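Engineer: Below, each chain spelled out in residue letters.
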Amino acid sequence: MNDFPFLSILTLLPLVGAIVVALVPKAKAELAKTIAFGWSLVVLVLSIVMWIAFNAGGDRFQFRESYAWIPSWDARFTFAADGIALVMLMLIAILFPVVILASWHDVEKSNRSAPIYFSLLLAFEFTMIGVFAAADIFLFYVFFEIMLIPMYFIIGSFGGQRRQYAAVKFFLYSLVGGLFMLAAVIGLWVVGGHTFDWTKLTEAASSIDQNTARWLFLGFFVAFAIKAPFFPFHTWLPDAGGAAPAGAAALLVGVMDKVGTFGILRYCLSLFPEASRWFAPAALVLGVIGIIYAALLAVGQNDLKRLVSYTSIAHFGFIGIGIFAFTTQAGTGSVLYMVNHGLATGLLFIVVGMFVARRGSNLISDFGGAGKLVPVLAGVFFFAGLASLALPGTAPFISEFLVLIGTFTVHPAYAVVATAGIILAAAYVLWMVQRTTQGTLNPALAEVPAMKKDITLREKVVVAPLILLIILLGFYPKPVTDVINPAVEATMSDVGVQDPGPTAVVANERVAR
Amino acid sequence: MEDLKLPGIDYGALLPMLILFGAACIGILLEAFTPRRSRQVVQLSLAFLAVTASFIAVIFQHDTRKITIGGAVAVDGPTLFLQGSILVLGLVSLMLIGERQIERGGPFVSQAAITVGSQKDVKQAGDQPGATEVYPLTIFALGGMLLFVAANDLLTMFIALEVFSLPLYLLCALARRRRLLSQEAALKYFLLGSYASAFFLFGVALIYGFSGGIALGQVHAAVADPQRSQVLLYGGLALIAIGLLFKAALAPFHVWTPDVYQGAPTPVTALMAACTKVAAFGALLRILYVAFDGVRWDFQPVLGTIAVLTMLVGAILAITQTDMKRLLAYSSVANAGYLLVGVLALNEEGLSSTMFYLVAYGFAVLAAFGIVTLVRDGDGEATHLARWAGLGRKSPLVAAAFTFILLAFAGIPLTSGFTAKFAVFGAAVEGGQTWLVVFGVITSMLLAFPYLRVVVLLWLSEPSETTPTVSIPGFLTSAALVIGVAATFALGVVPAPLIDLTRDAAQFVR
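Sequences listed follow chains B and S, in order. For the first sequence, position 475 matches number 475 in full-length UniProt numbering, and the numbering has no gaps at all. For the second sequence, position 68 matches number 68 in full-length UniProt numbering, and the numbering has no gaps at all.
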């Protein structure tokens with residue numbers, strides 16, 4: 001089973017789908033949507049088969065495939081997945097059909113072409129799967145850059161207000177990061193012995209001069225920090241998230257931003273262990289600032305989509321400190337957080353999109369007491385909010401908790417400050433829910449005919465799998481953590497750190513001496 | 001008394017050039033003896049035939065590595081590769097030059113000497129068929145370029161420089177529309193080009209004084225001798241470099257580029273942007289790698305500074321442009337800077353990556369200018385940026401092709417722009433020129449902005465009343481566009497064959 005070329009097929013399948021959907025004439029919008037949805041389901045089924053075929057206790061990298069591409073540079077089409085990549089691929093496979101179904105009527109309001117929109121979504125899935133499946137740095141870089149193009153057109157052509165500004169800002173920010181990374185990739189290629197193969201490069205990494213390694217680390221880190229985004233590279237996300245169609249915004253923060261944190265884990269940490277340790281204090285500080293700063297900004301937002309974008313930045317701060325704490329617990333927590341955040345924030349964005357589609361406005365002040373008109377939808381919104389503030393019983397709680405205890409064992413001060421972020425999270429989520437759905441009914445809201453329609457069957461189908469997964473992983477995360485743990489342990493051993501023993505044991509040893 | 005010995009001539013090795021020069025002479029005769037009606041067909045066929053035959057001759061010579069006719073011409077890997085590139089790119093430019101479907105009479109004026117604005121001029125702008133002298137002129141220019149990249153002594157190089165420059169000056173003046181702009185461009189190009197030639201010639205004189213010879217091998221030997229006058233060496237090198245930097249449009253010798261690119265008929269602009277670049281960098285490579293590699297430590301920082309300046313000037317000024325042709329001109333200035341980064345690697349990688357970049361950029365820029373010829377209104381090409389707003393809605397196919405080319409210029413992966421940039425930057429890091437790569441990356445960020453602005457205009461702006469129509473391209477322009485776009489894509493996805501070719505060719509004979 002493991003010989004089956006899962007990753008290359010999984011990567012190419014959405015590309016073929018994108019081409020097929022793009023060829024559907026504009027008038028046959030329904031056909032295009034159905035094909036796109038069906039196609040993403042096929043990808044999902046294949047991913048599930050791959051998940052089952054993955055041996056959690058086996059090799060670190062599985063499903064490895066390698067084909068020649070540019071021999072003189074030793075760039076190859078190499079695909080391989082470790083546990084971290086596998087859970088991200090699974091998340092992508094789940095979110096895309098959900099988003100496609102959620103975006104069913106998004107294009108109808110404008111005179112834009114529906115087949116093009118759904119084709120762009122599938123093209124985006126192609127680049128997303130590719131970037132997580134690549135095990136060749138050149139190939140990774142290629143996907144890292146071309147993912148901008150479908151998203152640029154999705155935001156720019158199908159977005160809301162200020163979409164042009166947001167699309168250009170998004171593209172330029174990411175491109176700037178990408179070009180820093182390009183310089184680092186070239187440098188790595190020259191000092192690493194003219195190869196792009198991740199495995200060979202990690203072997204050669206120890207021989208790289210310390211100073212060079214730090215510069216190269218910085219090149220990669222800036223690219224990933226912009227993508228993630230970490231404070232202070234985050235300013236593009238609220239604009240992009242605010243302007244993008246809700247479904248695309250869910251993908252933007254749910255999947256695409258994870259490329260940044262995934263890249264740090266896979267490339268920065270494993271290739272430049274010494275530099276990672278050297279830069280870790282700075283990265284931790286950025287993470288903690290991001291948690292507090294973004295949460296404060298989220299509290300003050302009046303635009304629902306921008307608010308959710310800011311909550312994401314705060315969550316990425318948690319993921320960041322989890323990664324740079326260098327303990328297995330915190331690392332596993334971070335990767336789990338990447339998955340859970342994709343589900344919870346994805347759900348939140350999609351539900352916000354349902355509200356926005358009804359009301360025709362993103363502004364919280366245009367809502368008020370919406371729960372009286374659409375009680376079920378408001379309930380789902382409340383649930384998504386609770387999941388996003390990491391209420392115990394929902395999946396994000398486990399990951400946030402793991403990150404915090406994992407960080408506390410080595411950097412108690414950061415963990416304490418980060419915990420304050422949880423309180424702020426409660427503040428912005430509850431305020432948002434209260435101002436939107438609770439309280440007295442906004443009279444203007446009652447006059448909008450669409451607001452009289454509660455959640456439809458299609459919308460129920462959209463939110464149900466996400467809600468189920470959030471609850472399921474909230475109580476029983478083991479299937480996911482089992483896959484993640486070995487990969488995180490391997491990454492930590494690449495960095496060359498060991499988990500500190502429990503403090504009590506250390507104290508006993510001291511007594512024994 | 002000693003017998004006068006004739007130098008051995010290997011006609012086979014010279015065949016590509018002989019074919020072009022011969023065809024150009026025949027073209028001039030045909031111009032005199034063919035009836036006006038059939039000239040276009042006859043001349044165009046002759047031009048295609050000559051370029052194709054010459055290309056076949058280059059392919060047949062692919063193993064030749066020798067210096068012939070008394071050391072004047074070196075036929076080696078880089079020569080043949082660059083000649084082949086010039087011929088292929090020239091063939092595609094000829095398609096644009098030969099197009100007569102888009103506009104009545106074609107993009108060229110029928111009689112350039114008629115006073116602008118006179119009654120005769122208005123009449124000829126309306127319906128008279130364009131001049132067919134353009135074909136022999138183009139062939140002469142291409143022939144000169146072939147000789148330029150093959151020249152193994154400084155005087156041959158100078159002659160080749162003149163042979164390919166003079167027809168280009170003339171071609172610039174032949175635009176059907178905006179005659180004054182076109183003539184101004186030609187005059188500017190001619191005057192500045194003459195200065196550059198004079199600099200070059202003066203430099204050759206100094207180097208002759210320095211080394212006692214003009215053959216590149218002799219210069220190379222003289223450079224190694226510390227007894228000789230260093231003043232003559234550096235003075236001569238600097239002046240020769242100025243002449244070449246002018247042709248390659250490197251700052252601060254680039255100022256002619258935007259005006260000439262804008263004023264010249266667009267197919268000629270395409271020819272200059274693609275083929276002249278190849279020729280100029282081919283000669284620069286040979287001069288620096290063959291003759292003056294002994295003083296590389298001295299010229300590397302100077303030319304490095306010029307490369308940085310060029311990239312910055314090209315990128316920053318491209319941001320401020322409002323005219324499509326001028327924007328592409330500044331983009332070509334910036335690209336010249338990236339090429340110089342590759343040249344300055346001064347190793348085999350540098351040579352092969354620069355050659356790869358030249359081909360990749362040539363195809364992309366031909367497609368870009370090809371599309372510029374299509375976007376027109378009643379007054380000819382509509383080159384003002386604002387006029388392109390919403391073009392994606394009106395003509396999605398052309399807009400998509402142009403977007404793809406712009407992404408290639410911006411260096412996005414899966415286009416030749418990315419692989420080419422990767423190649424030159426990789427070579428430069430290899431050659432210890434990391435600082436140039438840092439500037440290259442920074443200017444790439446700046447350059448992305450103007451390209452992206454055009455993409456926004458094309459797709460995200462609403463079309464207005466003044467959005468021009470896209471003419472239906474004739475067969476020749478369609479073919480040129482398809483070749484340009486397909487090559488840009490192919491070199492981005494499967495660059496391996498061409499990279500291998502450039503690597504095999506990356507060895508000069510001395």
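Heads up, a few of these hints could be off.
With a Cα cut of at most 25 angstroms, we get these calculated SDA-like pairs of lysine to any residue [stated by the list, open to error]: (1) Lys200(B) x Thr52(S); (2) Lys123(S) x Asp379(S); (3) Lys394(S) x Ala29(B); (4) Lys169(B) x Ala400(S); (5) Lys169(B) x Lys123(S); (6) Lys5(S) x Lys66(S); (7) Lys66(S) x Thr52(S); (8) Lys169(B) x Val438(S); (9) Lys394(S) x Arg162(B); (10) Lys26(B) x Val313(S); (11) Lys453(B) x Arg162(B).
Using C-beta positions, here's what the derived DEER-type ranges look like [to be verified]: (12) Trp435(S) x Pro25(B): 50 to 58 angstroms; (13) Pro25(B) x Ile159(S): 54 to 62 angstroms; (14) Ala22(B) x Val122(S): 41 to 49 angstroms; (15) Thr419(B) x Ala486(S): 51 to 59 angstroms.
Derived from the structure by calculation, the hints contain no laboratory data. Treat the numbers as computed from the prediction; the structure is a model and nothing was measured. Virtual Cβ for every residue (Gly too), placed ideally from N, Cα, C.
Engineer: A separate judgement is required for each hint: does it hold in the structure or not?
Structural biologist: These are the hints, each one checked on the structure:
1. Between Lys200(B) and Thr52(S), the direct Cα distance comes to roughly 46 angstroms. Violation of the 25 angstroms bound is thereby established for this hinted pair.
2. Only pairs whose Cα atoms come within 25 angstroms are accepted, and Lys123(S) paired with Asp379(S) is accepted, the gap being roughly 15 angstroms.
3. At most 25 angstroms may separate the alpha-carbon atoms for a hinted pair to count; Lys394(S) and Ala29(B) meet this at roughly 20 angstroms.
4. Annotation: proposed proximity of Lys169(B) to Ala400(S) holds, straight-line Cα distance about 21 angstroms (limit 25 angstroms).
5. For the hint linking Lys169(B) to Lys123(S), the alpha-carbon distance of about 50 angstroms lies beyond 25 angstroms, and the restraint is violated.
6. Our distance criterion of 25 angstroms between C-alpha atoms is met by Lys5(S) and Lys66(S), whose separation comes to about 19 angstroms.
7. For the hint linking Lys66(S) to Thr52(S), the alpha-carbon distance of about 23 angstroms falls within 25 angstroms, and the restraint holds.
8. A threshold of 25 angstroms between alpha carbons decides the hint, and for Lys169(B) with Val438(S) the separation of about 22 angstroms falls inside it, so the pair holds.
9. Distance hint between Lys394(S) and Arg162(B) is fulfilled; the C-alpha atoms sit about 23 angstroms from each other, no more than 25 angstroms.
10. The hinted pair formed by Lys26(B) and Val313(S) fails the criterion: a straight-line CA distance of about 44 angstroms is larger than 25 angstroms.
11. Distance check on the hinted pair: Lys453(B) and Arg162(B) sit about 28 angstroms apart at the alpha-carbon level, beyond 25 angstroms; violated.
12. Checked against the hint of 50 to 58 angstroms, the C-beta distance between Trp435(S) and Pro25(B) comes to roughly 53 angstroms, which is consistent with it.
13. Take Pro25(B) and Ile159(S): their Cβ atoms lie about 59 angstroms apart, and the range 54 to 62 angstroms holds.
14. For the pair Ala22(B) and Val122(S), the supplied restraint of 41 to 49 angstroms holds, since their beta-carbon distance comes to about 47 angstroms.
15. Checked against the hint of 51 to 59 angstroms, the pair Thr419(B) and Ala486(S) passes, with Cβ atoms roughly 58 angstroms apart.
When the structure is compared with the earlier hints, violations turn up for hints 1, 5, 10 and 11 and for no others.
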